Every structure is written in structure tokens, then in C-alpha cells.
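Visitor: The listed protein sequences correspond, in order, to chains R and C.
Just so you know, the UniProt record's numbering puts 5 at position 5 of the first sequence, and the rest follows in order with no gaps.
Just so you know, the UniProt record's numbering puts 236 at position 236 of the second sequence, and the rest follows in order with no gaps.
Honestly, the hints are just simulated from the structure, not real lab data.
Computed from a predicted structure; not experimentally measured.
Each residue gets a CB set at the ideal place from its N, CA and C atoms; glycine is no exception.
Just to be clear, a hint being listed does not mean it is correct.
What the hints assert, rightly or not - One side of the interface only, derived from the structure: several residues of chain C facing chain R at Cβ under 10 Å:
#, residue
1, GLU85
2, HIS93
3, MET126
4, THR127
5, THR246
6, GLU268
7, ARG272
8, LYS273
9, TRP277
10, LYS278
11, ALA281
12, ILE282
13, GLY284
14, LEU286
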Amino acid sequence: MGGLAALFRRNAVFLGVIFTGAFATELAFETTANSIWDQINRGRQWKDIKHRYMESEDE
Amino acid sequence: MLARATLRAAGAAKTGVTGLAKRNASTSSSSEAAAAWKNNALLASSTAFAIGSVAWYYYQFGRQPYAMTPQEEGLHATRYPWEHEKLYKTFDHAALRRGFQVYREVCSSCHSLSRIPYRSLVGTMMTVNEAKTLAEENEYDTEPNDEGEIEKRPGKLSDYIPSPYKNDEAARAANNGALPPDLSLMVKARHGGCNYIFSLLTGYPEEPPAGAVVQSGLNFNPYFPGTGIAMARVLYDGLVEYEDGTTATTSQMAKDVVEFLNWSAEPEMDQRKRMGWKVMAIGGVLFALSVWVKRHRWANIKSRRMLYQDPSIGSTPAAKQPGSTFRR
């Protein structure tokens, strides 16, 4: 109870928690979602095969 | 939620009906039984009439009119299990690269691909340098210079893939009067999409079946509406040499070029599917949340019970005021 009350006491704290919370949630969600997607499509996307063509370019 | 609400509604309707029947049974009056039978008969016959008229209307006006002969329709394309059409799969970008090679080496001599700029190849099937080299192989008009002359310059990444012919008339003249259509959006432009184009490319028989009439200058292909197509068979085993060592059979090349054409028609597909899943995930959480909030808010109302004490019976000490609420 005490922790939650402290959160609501000052508006700046409340707002800050919401903003950082949203940012962190977004970051976590995007990272997990993208990694699941890349896992399902492993070997199919350009980033999985580009190493084959990037090397020959250096010579 | 919706399903449950519907169920509840159906349940309510049922209890209403049985209640009615019970009341009729308890009064055991023959005239009321007859009235109930009449009610049921009326209900059943009007339902039957409604269903019947919908069916009749559909039979008259709802069906697809097939005015063409099967030959004019063309053979229905076989449905193939395309991996990239699954809702959770991207294009196979190695196949896109091979398909683009097939387009360049085979189709591009007749078909334009006018909606695809070189820049869109970068990061999907080519490196920047490869795409730049490819663009520089072609010349494009410059802006008019000081004297108003238009000069030639090598292509850049922002240029679009050049068309094989100057204009549609030139294309027709070179192809017996038939215009090879632009392939950029071909997968979206034909019924059956990938399946149709694959069937078309691989569907040329050795020779037309006995009795089939093929006009001169046309080729027999059962999948093409009308069966006479101005494009001859173009894919043969070993026509191109893939750099990744894939064996270039006719069907392999057809599959690769079709997947490439699917990309050219909807280059946003990978992104769209991935975004779609994210929307479903977030939307699912929000939906579950809204269901929970609704139930939370309604809990009081749903579990409330009204009691009414008839004043004429006289009040007992435990009697509650009319309208007082109880929680279950």
C-alpha cells in the first residue's frame, strides 16, 4: 500500500512512472515480438542471407 | 463475450417458452391447448415461409452467372502450398533474388516492371553496390541542360527498371499485336494470383490436345482464358544458371519468379504481417482488459436482488424495506 500511495502523491512522479513504464514496455514488447518473428522466419529474410553477398563485394 | 451473451439470450428465450408451456399444462384447459398449438403452427409456418423466400430469392438472383464456356473461363489453377502466403511467414529472400534473376534474364525482354525502382531491391535481394552496378548498366534522360538539350546519364538507385519497349504500340508490333502486360502488379491483377501465374508458366502442353483450335500466332495453354495465348512457353529446364547452386528446373524458375512477382506486387508484405501480429497481441490484451473491467463494473448490478414484502401480510421483524439490495 505504502509504495503505491507514494506513487500517487506527487504528480511528477506519477507521470514519470507512466512515461518510463510505457517506454520500457514498448521496448520489451518490440524486442520480444521481433525476435519471435525472426525465429519463425529464420533463413528467409535478407539479413539472414546477405552475408553471402556482402563478402564478395570487398575485393 | 458476444458468444456468451448470445447463449444467455437463447437460454432466456428457452425458459420463456417452457414457462409458457408449463402454465398451459397447469391450467389444463382444452381451449388454451388448442391456442398453443395454433401459436406453434403459426410460428413454424412463418419461419418456413421466411426461409423459403430467402432460398427462392437466392436461387433467382444470388447465384454467379457463368455466361462463358469452360474453355473461355480457362482451367482453374492448381492450389499450391506457398510458404510465403502463410500468415506468419515472410518472403524467402533467396527465392526473391533468384526470381529477379529469372525476370531479368527471361521476362524482361518482353515485360516491363515499371513500378520497381532499383532502390527497392537494396536490402531485400541485393546489396547497395550490386544494385548500383545494375542501375548503371542502363541510360536515362537527364533534365534539360542550359541549351535545353536532354542528354543521357547512367542510371541511379532512384531510377525505375527500364521497359523493354518505348511504348505499348512498339510492344504490340514486336509481339504479333499482343501487348505483354506490365508485371509489377500481375499477382494482384489476376484471379488465382501466384497459383495462376505458376500454372500458366508451367502449363504449356507439348502439343495442343486433339480437337483444340489454336489460331496461328497463338499458343495453347489451358489456364489462359480462351486457351490461346500470344506468349509462347518461355521457361525450360536449365535456362538460367543460379549463383546459389539451385537446380534451375522449369518449376523451380516458375516458383522463384512468381514469388518475386508477388514481392513486386506487395513489397510491404513482410512488414504488414509482422505489424499485424503485434496489433493482434496488443489488441488481445486490451480486449481481455476491457472484458475484465466490464465484469468488474457490472458485478454489483448482476448480483443484486430486489425483495418486496407485501404490506398487507403484515411485517415481520426481519422484513427488509422494499427495494433494499442484497449481495449473493
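Visitor: Tell me, in ascending order, the numbers of any earlier hints that this structure violates.
Guide: Failing hints, ascending: 1, 5, 6, 7, 13, 14.
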